[in-house]
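If you read the protein sequences in the order shown, they are chains A and B.
The opening position of the first sequence corresponds to residue 1 in my numbering, with each subsequent residue numbered one higher.
The opening position of the second sequence corresponds to residue 1001 in my numbering, with each subsequent residue numbered one higher.
Keep in mind that the hints were calculated from the coordinates and are not lab data.
Keep in mind that a hint or two might mislead.
Going by beta-carbon spacing under 7 Å, a handful of chain B positions derived as facing chain A [as the list claims (entries may be wrong)]:
(1) Glu1119
(2) Ala1164
(3) Gln1324
(4) Tyr1436
(5) Glu1443
(6) Val1452
(7) Ile1465
(8) Ile1541
(9) Phe1543
Computed from a predicted structure; not experimentally measured.
Think of the CB as a built atom: it goes at the ideal place given N, C-alpha and C, for glycine as much as any other residue.
Letter by letter, the chains look like this.
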Amino acid sequence: MDRKIRVIIGKPGLDGHDRGAKVVAAALRDAGMEVIYTGLHQTCESIVEAAIQEDVDIIGLSILSGAHMTIFPKVLNLLKKKRAEDIILTGGGIIPEEDMKKLEKKGVKKMFGPGTPTTEIVDWINENVRAKSKKTKTKKIKKKTGKNRS
Amino acid sequence: MKKDDWEKKSKTCKERDQEFTTVSGLPIKTLYTHEDLKDFDYDRDLGYPGEFPYVRGVYTNMYRGRLWTMRQFSGFGTPKDTNKRYKYLLKHGQTGLSVAFDFPTLYGRDSDDAFACGEVGKCGVAIDTLRDMEILFNGIPLDKISTSMTINPPAAILLAMYIAVGEKQGVPTNVLTGTIQNDMLKEYQAQKTWIYPPEPSMRIITDIMGYCSDNVPKWNTISISGYHIREAGSTALQELAFTLKNGFTYVEYGIKAGLSVDKFAPRLSHFFNSHLDFFEEIAKYRAARRIWARMMQNKYNAQNPRSYLMRFHTQTAGCTLTAQQPENNIIRTAFQAFAAVLGGTQSLHTNSMDETFALPTEKAVKIALRTQQLIACETGVANTIDPLGGSYYIETLTDEMEKGAYEYFEKIDKLGGVVAAIDKGFFQREISRSAYEYQKKLERKERFHVGVNIFKEDEKVNIEILKISKEVERDQVKLLKKVKKERNNAKVKETLKRLRMAAANDENLMPKILDCVKAYATLGEMCNTLKEEFGEYHEPIIF
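Just chain B, same shape as in the assembly (with noise of 0.2 Å):
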């Protein structure tokens, strides 16, 4: 049969009454053939694993060498019940470890500031001082374990705790090996953690990138996150377009800096969402590899083939578990992280079923990270490289991921780039229209999510519940008091002097917060130095 003879026989079958598109709105055909894919060009447009534009992966072998690592997000309470959740992780299997701080860190806020009253370890562990660092990675030995640490605009002095820790153990800052998110453009276009305005920010991340070229050369100083982008509502190829511009903006600011960008460029890495449309979301993957390869040689003149790598991370979508017959996320996690896998994900945190109603516990995290080695151990996906390269489908999507991801690089530049499109609020414009664009079909029925708008029950919903006591407040102040009791103030005051010098006079931060760190001068006291020289930023209200 040919082709016009099929389309026309087709057109007269009824079809489900639906809209065909991807989550994001693209349309979809009822089919694709070789015809889509007219000026395809194989090692042009994909090449092999490992080699240029790395559209099928960026190791030669892939997960044929070693599996990607599984790391799940924790933390929560004081730094001693994390480092237990931390230990039984790795007893059962996972492969490297992911902090997450509470909302005073993140904001660089000690646990007994007024703001802090009521958060102290609910969202997340909480650090105030090298000696939390310490109780922290207790008995977990940080040359043989890779480290993420969500963090962004105190990333400076948790590494630099990091670091002490590692010193501590006899771990020369050389062999660390971890990420810190770092990524601060992100946060004021989408998660919303920030403390200075962009341009202090700017220069605080491009001091971290320096220092750790030179001393800590493992160490992935930013992950370029595209999830929160995601979470906060944009579409998948917002996502896409908005991370990797943020992406090139760090590397423009490093060149600005003075940095060779073929020495902090390898260093970059990224972090993704994997969210419900399963084609849509590895044809994101695929099409950010290559737009990153094609850009750091053609735009940025990286020469070192690892500046051409989009390495990334991957965590499932939290804002698609429901909170409705909450045992169907554990479905929704493993077909997200199966999308993650098949796009080629380096690392990957699977959600819990029980998150859309507190932090998880032991046994949600546990099925959540079974689900991963499931996909590793059982399925046979990882016996071969990008087993869905060729298909006409996601061969056309990766394309049109690619095409309307220079659409937005164009519109973003035209409004000044990134930090003067931040100003005028243009991302989170962007963001909060899709996400009330997305509720909105939702609600008129066009897009379906099991349990809340279609296949409903009345139910109790009946599963355990992690809960975090009031006594980690209370405990978590107590221990800080004592830390500043038992230090040296003069000290400690002295170290604080020479940061805000540092600050004021454009030298690299990084030393003079080790000092600080050393010390055990407090985050708070940390942040509140840089404030007094950076200012703080304030937002622009849009909904």
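Chain A on its own, in the form it takes in the complex (with noise of 0.2 Å):
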């Protein structure tokens, strides 16, 4: 059997709203997935330290404090310098659309607005982790073939 997804979802910053991030940890736990709740107050370093150790396949950062664009770029750069972008971020919170949009060109993979239903993330993240497990395994083969050619 495939494993279950597993997904980290993080409250960065010192945002105390954790209402939404509750709600979608909730929904994500009884749509079968693994999940860890970071709890508030979480650096950015922790919650991407916490993504690898724990090998999760997706990050989910909740911001409704008006620092997306401060946390959301920094998450990325820590991802990038530990070599593990294979880890897909995604988000939402009190953010403006201009700036989910600059968001997702930056490397968000997706950004969540308020009144998004549950079982849209569920099918979402499903939809990309396979996508992702996919593209990772060709990757893998073709690694493994490069190096018995050389």
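Dock chain one against chain two, each of which comes alone in its own frame, and use the hints as you go.
Put into structure tokens, the structure is as follows:
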């Protein structure tokens, strides 16, 4: 059987609004995923560290404090630095549409706005993790064959 | 026609395919009559406005004498930016101020703290030292305007800064009017801004209560808040029960600290949410007044009638606003504000339509303020007191709310009281469970939210958004550095040392904090000093 999809739901920075993060965490858990909820007041570093340690497929960040344009790019950079870019970054919160678009351009795979049904998030994760694991599998095979050749 | 006949007839009628419950899930009957109020006793259960048990209102002539205070919660960017917004709101007829602080300030951190990066001035105004408060209230006479400050773990410090600004304006402390939220219990339960563990937090709160009853007698020392409990996802009943139980816990700690209940209780105020279910909200406010009065008299033996008064502020429910078709939020907010007024609120904040995207623009906040002015000036609801009193439905709901709250009180007592129940994660679990249930109901379409799961549209949202520039953080850090350079650092060190000693020795912290503030010690320096003595809180992880 395929391994369960592993997700980390993170609350970076000082923001205390955790209703959305907890509802999404519970919905993903009920949809059969392994969910790690970081709790409040995490640094970007600690979230990325936990994501790597826990070998997650996806990081979901919840930001309602207005600090999204600082935090998302920082997490992207950390993932790059740690060579963990295969972990998908997504998130949501109180974020103007214009900023959501900017963040998606920078490399956040998808931003979810207020009112998104949890089923939509579950479907999106299922689809994108599956697509990703297919890609990594082919990559791994390619790598192997590459090695054999040398 | 007899009631039985009507009931028979009614059962043959087809009903809409919908669950008939309040938004919190209480079942609702087709009709309420005098039979629902069989044991109803007017004098015992309602009384007259300004008289025990205050169900009909806390003052004798309520809005006939004075309308509620129109108080928009507001703050963003630098103190200069916010000062400008305050003057704008006052110019347009707002009657009180309410300060929103940014996250670093709420957590007692300075703008140059590593954790503050990206958050300075974003969610509210940044305050580091007394200099910032001087700018924030520049040109606003503190003897004429009342100010509410949403601040919790560092409440004592912000109050001290306000007192110091008043002093510079020549306003004595016994003239200052306003409120600090200072409700730490609901922070652990719902709003989640904390620094110290519960016990030292309760000690700071009783210090403030003691200091203010002697020195700042018109100041509301705690705003016992259900707003955030509701926003975090609770039902109306949970909001009511948890808020009041928190309130009684402050009363118990005050008495335990040796304060006279009739001296501090009259300065306790409350703060509730106004959510979607019109009648349920009104019943909640009425029940809250009755429970508070009865418990203060019977359980806590208060003698001063002012101790029985549950005065409260209301804010319309931010969590009900939608990013879809955002203009609808104006109407949603108007209904919620209407409920708060019919429920007898003392002050009111109406949310702006654009708050699911960012802090509100001037235009959006003006519409929100105008909504209150429309209710006050055009609808006629302020002409008579408690116009829904005596309604079979409202009185039944009020009774049910009261009964449900007492059941919760018993449950919490069995867990060892509020602080013990926080340690056990009781409130946190109850609230997150309700939040998840509500979301599931929306997704199963058992509850409707216009624009979200019914009457949806493919739309391009096109409304103006308030932007906080990057320069805010830079300017704020620059000013902080300047203040630190210009102040007498030896004096700052000395006042901080005395604060630490007072914390260790159970002395009242307020006078020491005032000395630190006047020496221009920073918020972060003071909070860190107390942290060294009190330690830090860590939450249990529950979802």
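Verification of the supplied hints:
Because the smallest distance between the Cβ of B:Glu1119 and any Cβ of chain A comes to about 5 Å, under 7 Å, the interface hint for this residue holds. A least Cβ separation of about 26 Å between B:Ala1164 and chain A goes past the 7 Å threshold, and the interface hint is therefore violated. Taking 7 Å as the C-beta contact cut-off toward chain A, the hint placing B:Gln1324 at the interface holds, the least distance being around 6 Å. Taking 7 Å as the C-beta contact cut-off toward chain A, the hint placing B:Tyr1436 at the interface holds, the least distance being around 5 Å.
Proximity of B:Glu1443 to chain A holds as hinted, the smallest CB-CB distance being about 5 Å (cut-off 7 Å). Of the supplied interface hints, the one on B:Val1452 holds, with its beta-carbon coming within about 4 Å of a beta-carbon of chain A, less than 7 Å. For B:Ile1465, the shortest C-beta to C-beta distance to chain A is roughly 5 Å, which falls under 7 Å, so the interface hint holds. Because the closest C-beta pair between B:Ile1541 and chain A is about 5 Å apart, less than 7 Å, the hint holds.
The interface hint given for B:Phe1543 holds, since its Cβ lies 4 Å from the closest Cβ of chain A, which is under the 7 Å cut-off.
Checked against the numbered hints given earlier, the structure breaks only hint 2 and satisfies all the rest.
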